[in-house]
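K.L.:
The primary structure of each chain is shown beneath.
Number of protein chains: 6
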Amino acid sequence: MLYQLPYGDIERFMEEDVPYGDMTTSLLGIGSQKGEIVFTSRDSTVLCCTEEAAKVFEQCGATVTCCLESGLKVEAGVTILAASGAAGSLHAGWKVALNLLEYASGIATRTRTIITLARKINPDITVLTTRKSFPGTKKVALKAIMAGGALPHRTGLSDSILVFKQHTAFMDGLEPFLGTVAMLKAKAPEHKIIVEAESAEEALKITAADVDVIQIDKLSPDELFILVKQIRQVNPKVKISAAGGINAENTAAYAATGVDILVLSSVYFGKPADIGVSLHP
Amino acid sequence: MLYQLPYGDIERFMEEDVPYGDMTTSLLGIGSQKGEIVFTSRDSTVLCCTEEAAKVFEQCGATVTCCLESGLKVEAGVTILAASGAAGSLHAGWKVALNLLEYASGIATRTRTIITLARKINPDITVLTTRKSFPGTKKVALKAIMAGGALPHRTGLSDSILVFKQHTAFMDGLEPFLGTVAMLKAKAPEHKIIVEAESAEEALKITAADVDVIQIDKLSPDELFILVKQIRQVNPKVKISAAGGINAENTAAYAATGVDILVLSSVYFGKPADIGVSLHP
Amino acid sequence: MLYQLPYGDIERFMEEDVPYGDMTTSLLGIGSQKGEIVFTSRDSTVLCCTEEAAKVFEQCGATVTCCLESGLKVEAGVTILAASGAAGSLHAGWKVALNLLEYASGIATRTRTIITLARKINPDITVLTTRKSFPGTKKVALKAIMAGGALPHRTGLSDSILVFKQHTAFMDGLEPFLGTVAMLKAKAPEHKIIVEAESAEEALKITAADVDVIQIDKLSPDELFILVKQIRQVNPKVKISAAGGINAENTAAYAATGVDILVLSSVYFGKPADIGVSLHP
Amino acid sequence: MLYQLPYGDIERFMEEDVPYGDMTTSLLGIGSQKGEIVFTSRDSTVLCCTEEAAKVFEQCGATVTCCLESGLKVEAGVTILAASGAAGSLHAGWKVALNLLEYASGIATRTRTIITLARKINPDITVLTTRKSFPGTKKVALKAIMAGGALPHRTGLSDSILVFKQHTAFMDGLEPFLGTVAMLKAKAPEHKIIVEAESAEEALKITAADVDVIQIDKLSPDELFILVKQIRQVNPKVKISAAGGINAENTAAYAATGVDILVLSSVYFGKPADIGVSLHP
Amino acid sequence: MLYQLPYGDIERFMEEDVPYGDMTTSLLGIGSQKGEIVFTSRDSTVLCCTEEAAKVFEQCGATVTCCLESGLKVEAGVTILAASGAAGSLHAGWKVALNLLEYASGIATRTRTIITLARKINPDITVLTTRKSFPGTKKVALKAIMAGGALPHRTGLSDSILVFKQHTAFMDGLEPFLGTVAMLKAKAPEHKIIVEAESAEEALKITAADVDVIQIDKLSPDELFILVKQIRQVNPKVKISAAGGINAENTAAYAATGVDILVLSSVYFGKPADIGVSLHP
Amino acid sequence: MLYQLPYGDIERFMEEDVPYGDMTTSLLGIGSQKGEIVFTSRDSTVLCCTEEAAKVFEQCGATVTCCLESGLKVEAGVTILAASGAAGSLHAGWKVALNLLEYASGIATRTRTIITLARKINPDITVLTTRKSFPGTKKVALKAIMAGGALPHRTGLSDSILVFKQHTAFMDGLEPFLGTVAMLKAKAPEHKIIVEAESAEEALKITAADVDVIQIDKLSPDELFILVKQIRQVNPKVKISAAGGINAENTAAYAATGVDILVLSSVYFGKPADIGVSLHP
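One line per chain: the protein sequences are A, B, C, D, E and F, in this order. First residue of the first sequence? That's 776 in our numbering, and the numbers climb one at a time after it. First residue of the second sequence? That's 776 in our numbering, and the numbers climb one at a time after it. First residue of the third sequence? That's 776 in our numbering, and the numbers climb one at a time after it. First residue of the fourth sequence? That's 776 in our numbering, and the numbers climb one at a time after it. First residue of the fifth sequence? That's 776 in our numbering, and the numbers climb one at a time after it. First residue of the sixth sequence? That's 776 in our numbering, and the numbers climb one at a time after it.
Among these hints, one or two may not hold up.
The list cannot tell twin chains apart, which means a pair is met if one copy fits it or any two copies do.
What the hints assert, rightly or not - When the alpha-carbon atoms are kept at most 25 Å apart in a straight line, the in silico DSS-like pairs for lysine-lysine are as follows:
{"no.": "1", "residue 1": "809", "residue 2": "895"}
{"no.": "2", "residue 1": "809", "residue 2": "962"}
{"no.": "3", "residue 1": "1014", "residue 2": "809"}
{"no.": "4", "residue 1": "962", "residue 2": "895"}
{"no.": "5", "residue 1": "907", "residue 2": "1046"}
{"no.": "6", "residue 1": "993", "residue 2": "962"}
{"no.": "7", "residue 1": "1014", "residue 2": "993"}
{"no.": "8", "residue 1": "848", "residue 2": "980"}
{"no.": "9", "residue 1": "993", "residue 2": "1012"}
{"no.": "10", "residue 1": "848", "residue 2": "1012"}
{"no.": "11", "residue 1": "940", "residue 2": "848"}
{"no.": "12", "residue 1": "1004", "residue 2": "809"}
{"no.": "13", "residue 1": "907", "residue 2": "962"}
{"no.": "14", "residue 1": "895", "residue 2": "980"}
{"no.": "15", "residue 1": "848", "residue 2": "1014"}
{"no.": "16", "residue 1": "1012", "residue 2": "980"}
{"no.": "17", "residue 1": "895", "residue 2": "1014"}
{"no.": "18", "residue 1": "967", "residue 2": "940"}
{"no.": "19", "residue 1": "960", "residue 2": "895"}
Honestly, the hints are just simulated from the structure, not real lab data.
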């Protein structure tokens, strides 16, 4: 069971698209006729934001007659959402609901695809997503990656510790920072210490310090394969994550490197899912 | 000169990512050191939301020292935004600013690319974008397509008339609707009457009625090429727009069909622009 | 069927008037008694925001037992809205609901009156309203003018093209601007080009350019009558709109000038409709 | 010194009118030229919301060069606000600022007029305004009546005690309620007990109870003149207020009745002030 | 019957605590199981915000099966709120609902305790609360003190007149101010004039002026006892309030001084009420 | 360097207290006089929200002349914030700023006190705070505990894993849950697994499973002392935290038990800091 967006967000989405009603429907004088709207998958799709799309129609005064659950994978041709009511209500909600469904399901489907690819190679691998969602869309984006089966590796800057080169630059570099890891662990005993490495050399230095997770940025799968072995020898308990440019094309290769975690942003963008709409009396 | 997003939106973007400050910077105790952040294009990029990214750093208490204008096209290696201030301020704003820049500039760059491709074929063609932006991003998305050189074909449902099959379904079909066009024009004399056709046959019927714009959905360039000629013979003044699946790959082909307008959604999604960041003391 | 305001707006209206409950009802200790509230027209009235007034009572915990539709014209003495529930709920909602009804129905009624006056003279004339509504009231104001039978001539600056002297001042005046009309039409083929004239002389120059609509500001009906004839001779297809100071007193005179469109702001202000309230056990 | 509206409200007003920039200015390509905007009174006007109109231009990126203070009365022809900057900034702010100025100054001017008329007859009379402002405009409306010299008689339901027939209906009528006045005073010793009478008979009953203020609704000035004398004989210390339909036409007559207070709503609506705008390079 | 907080506030409380769902419940995979949550008083408690806690569960998709009314006093062991639904819904709402109940009921209970203590000594005494609630909590805090039986002595700065030394400092001190009281009363005939004294000497000067209420700050009960007698001799009609450091420990002593009103802030802070929760299948 | 609250929150705090200006200052006619406001510590105080209090005065139009940093500990008698400007500005901001300072500094001071007490006993102990802050105050509350030297143990439900009895109840109890810990660790390799025990017996079972942190609720210090030793023998690497009723009185006793972490809510409530204000011409 995934979380649902608050009504305030639903209203904000609607005000973006239909602040003063649908001019076309209104001029045509068809608003009060009764009709039905049906959303159908056109491809194999992992659904997301069906609940929110349903709320769009409720807010418009229509009655939702079918609503599959976010997270469900459907094949092409399945009715995923339907509502009935006045044509004016259905037209007002149509594209807001469709956009929500298509963008969110696109993210969910890409996420599921990548997880499936990765787990074929390594059934225990974990897929996490970064903070790089489109500004203003975090509630939709995180619901979608969870619907797809991933987890956010952090909800933002305030909840976790991830040390980048951009931090250590203020500490005279990586090595002085590594000297403070024990202190950091004492200060934040409920959080894991995650440190990003931008090269094999850095990664091995970080391994020697007792961090919880090494995040390795932008190494090729081949380089990473070798490095993972080296890290495991030095510190068999550290978790290793690969980040930087991971997508459906190279997921299998990265999964085969032996890392514990894939961290990626690519699922957040790309083509929305393709969902058909029938709106008729 | 493009519009700027209100401060309320900037604060909302920041609260998504950094509601209670940057835990890492805070634990490392580096927040008060002075530093600089510099954003640099890594590819040929049409910039967008540099002004908003600058506001992010101002809200964080940093000083913006360089900010190129939205809409400018830069080649790789150009400094597009820079700010200096406390490391805590720079870290708090870093990814919010970067995400804004990368998503918005991605849209702007894709838009500019398509316009350039289309105008090589037909220098007078107009490129417009649909309502299908990611829910919650309309202010960023429309700024970005304008930075790229396009215009929204409508800001939403409330400002324009675009008749779909889903409307005429409530009027016993296309033909009865076409009988009302004159009345519609009288009711809305300051708006153009735009009607979507889903086939050549429908398009010719619509042409016979005196509408302002025919939007033709999902015909192949070849079919469209023939149809445009037929339409021009019947009604040389109607504007013809092509919609449905237009993207960088097929833009030239669609531009060659002789239509006046390309209407597309594809610029809204796709890979964010790639922008490098240097953050250091 | 007109659009309905979002719940967020209803809550904002209530917080303006009753942020911490009704002190009087609370001190009198009558809040839990059951009662009924009935709103009755005192004059011939075009209703508006009955749906929103109903939502006010729902938010207060009362049950709506009668609610006529926005846009309906009623004579004096008709029950337009009724609710029953706890006296505390009814008192909390009373004036918020009444104010909404009276201001919105005042605008709707003035709009309908003007349309009726204008159409007696010219049955095909269109009545449009300007952007000059009270800041913060656009959603109520546009619903009300639509309930009265008008349309907004633009929802704001972002959706349409209306060229004022204040624009051409930056182009070395009207004539240089008129030289760019063809280019403007090519850039925005889905929008009409509307240009405001402040004199007959300007109007004739604009007519000679191929604009879609000439908006003529503040000419007297007599001057306008002559000008309209002159314009029609030069360009029989251009739409002509009259703007500036049009109200119920001079509507008939302006309608008799032969213009296609009346553009006015006067309906937005003036006396709220007079609606009686009975609130009792 | 009057209060100023928060920036959040200014942004909300702007988003109503110019959510995605000014399409006309943008298409004409004049946005970056430098210009000036000057607002000038066209009539004798009590200014209001000049500070907020100034903030509109600041938010648009223009520089305010003149801003007279809210509450000041100016004759025709006075520059009340001026700003300079990019044409795009000035066009974006023009109508939002003008609407704010005209609606608020209209209220302020009507308020000042009524106060002046009333005080000619009775220099000690107080003018208060009701809660009947347009929903969504309370911050503007109360600033405006204060700029005019009045005070709100209550900011809403939560801050004061005003007993209507609609309350006493739940207490078996006026007389049982009057039996509880002493208790009410004890419960709320920092608030005045104000009771509305709808007839002379009711007013005299209320006078006999020891309330602080009697508000007399909708009596004619002649009836009220007699009644005020009767009330003063019974209870020389009670404050008497007249309410219901008081406006500029009948203010003098009501002021001559001897009441202490005029309570009115009429200033909230009516024609906005007429303010001229010059916008040029 | 007390007021209820708007849904917008409920959503804001939830977004503070559970913006992207409950990670624990989600990882454990228990979200869809059916369960029940029951809140039980652990001490004698005056309830507050049960209605809002119920709304929390409704927003989460659970069904409220029991909800006692705000303002009710219950002994230990009473079920005050219960809901059933999916474990995911119950876990999402649990702590938001509990925090609301505990903070609000803590305030309500402390308020009731103080009122009871004060009325044992002086059955006619009034207890009012200041503006010193935690920023951002006014709607909860005022509901809670009303649930406890008190009233706010002002909802904020905009609704009442309370003159502090910090005001008279701008009038050359207390005495020049006292010379303006008559004028102040004429300007604001519907409001009481309340003036704070910081010493017996000041209080007697204020008594001599004809103010409505003297608020005496931070005198000891013994000093105040003497002062109240002196004030009553000079002006038997003025209301006297004691303010400054009044809490459950010294309430009885202050009530015994003979003042009419106790004004206090202490109820706003202190330990939340202790409410037990059972959440199970 | 701590985070600062967004301007939107500052405006919301001000609208709570001073929505339509300060009636008293306005009626006294002193608003335009120049004055100064100075805030001074009356006790040893750890400051918090000085930056936000400064923003309050900036929003009111005053100039901040002194502002010590949040997190600084000052003794009694230190000027912590000062502003100068119009009396109307200073009065509008006075209590909003003071309330922010006093509530936030109260939390910060209590937090620092507890940390100091705990570290005297165990210099390496960590103090974390729960989610139990007053609904609507999280941004102030978390800033304050950080100013005091603590960290939040979670920002909410969405960022961390903390398993309560209320979760395991849906898994047939603690033991079946403990069987899933390895799987849970694999699913969330970047998060620690924290499990709450309500008895020594439960704690030892949890210790046997390989969790990261055991949170032990409501054991007495004596019981806990024994239990910690037992846990360390079984699993020397697990972190142990004590929760439930920890406050300044018992902190030393709990610190002496040997736990690694104290988790507490008590700092969120209690008396606000005492800060003196001088406001004068």
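K.L.:
Now tell me if each hint is right for this structure.
P.N.:
Status of the hints after comparison with the structure:
Within a single copy, residue 809 and residue 895 get their C-alpha atoms no closer than 49 Å, and across copies no closer than 34 Å, so neither meets the 25 Å cut-off. Taking identical chains as interchangeable, the C-alpha atoms of residue 809 and residue 962 lie at most 25 Å apart only when they sit on different chains, with a minimum of 24 Å there against 62 Å within one chain. Within a single copy, residue 1014 and residue 809 get their C-alpha atoms no closer than 58 Å, and across copies no closer than 33 Å, so neither meets the 25 Å cut-off. Proximity of residue 962 and residue 895 under a CA criterion of 25 Å is satisfied inter-copy only: 16 Å between copies versus 39 Å inside one chain copy.
Taking the shortest alpha-carbon separations for residue 907 and residue 1046, both the intra-copy value of 17 Å and the inter-copy value of 11 Å come in at or below 25 Å. Taking CA atoms no more than 25 Å apart as the test, residue 993 paired with residue 962 passes between copies only; the shortest distance there is 23 Å, against 30 Å inside one copy. In this assembly of identical chains, the alpha carbons of residue 1014 and residue 993 lie at most 25 Å apart only when taken from the same copy (17 Å versus 34 Å across copies). With identical chains, the CA atoms of residue 848 and residue 980 are never at most 25 Å apart, being 43 Å at best within one copy and 38 Å at best between copies.
In this assembly of identical chains, the alpha carbons of residue 993 and residue 1012 lie at most 25 Å apart only when taken from the same copy (22 Å versus 33 Å across copies). When the C-alpha separation of residue 848 and residue 1012 is checked against a cutoff of 25 Å, the pair qualifies neither within a copy, at 35 Å, nor between copies, at 41 Å. In the homo-oligomer, the alpha carbons of residue 940 and residue 848 never lie at most 25 Å apart, since the shortest distance is 39 Å inside one protomer and 29 Å across protomers. Taking the shortest Cα distances, residue 1004 and residue 809 never come within 25 Å of each other, neither inside one copy (65 Å) nor across copies (39 Å).
Taking the shortest alpha-carbon separations for residue 907 and residue 962, only the inter-copy value of 21 Å comes in at or below 25 Å, while the best intra-copy value is 28 Å. Taking the closest pair of Cα atoms, residue 895 and residue 980 never come within 25 Å of each other, the shortest separation being 31 Å inside a single copy and 35 Å across copies. Within a single copy, residue 848 and residue 1014 get their C-alpha atoms no closer than 30 Å, and across copies no closer than 40 Å, so neither meets the 25 Å cut-off. When the C-alpha separation of residue 1012 and residue 980 is checked against a cutoff of 25 Å, the pair qualifies both within a copy, at 15 Å, and between copies, at 23 Å.
Taking the shortest Cα distances, residue 895 and residue 1014 sit within 25 Å of each other inside one copy (20 Å), while across copies they are farther apart (35 Å). Taking CA atoms no more than 25 Å apart as the test, residue 967 paired with residue 940 passes in both settings, with 18 Å inside one copy and 24 Å between copies. Within a single copy, residue 960 and residue 895 get their C-alpha atoms only as close as 35 Å, which misses the 25 Å cut-off; across copies the closest is 20 Å, which meets it.
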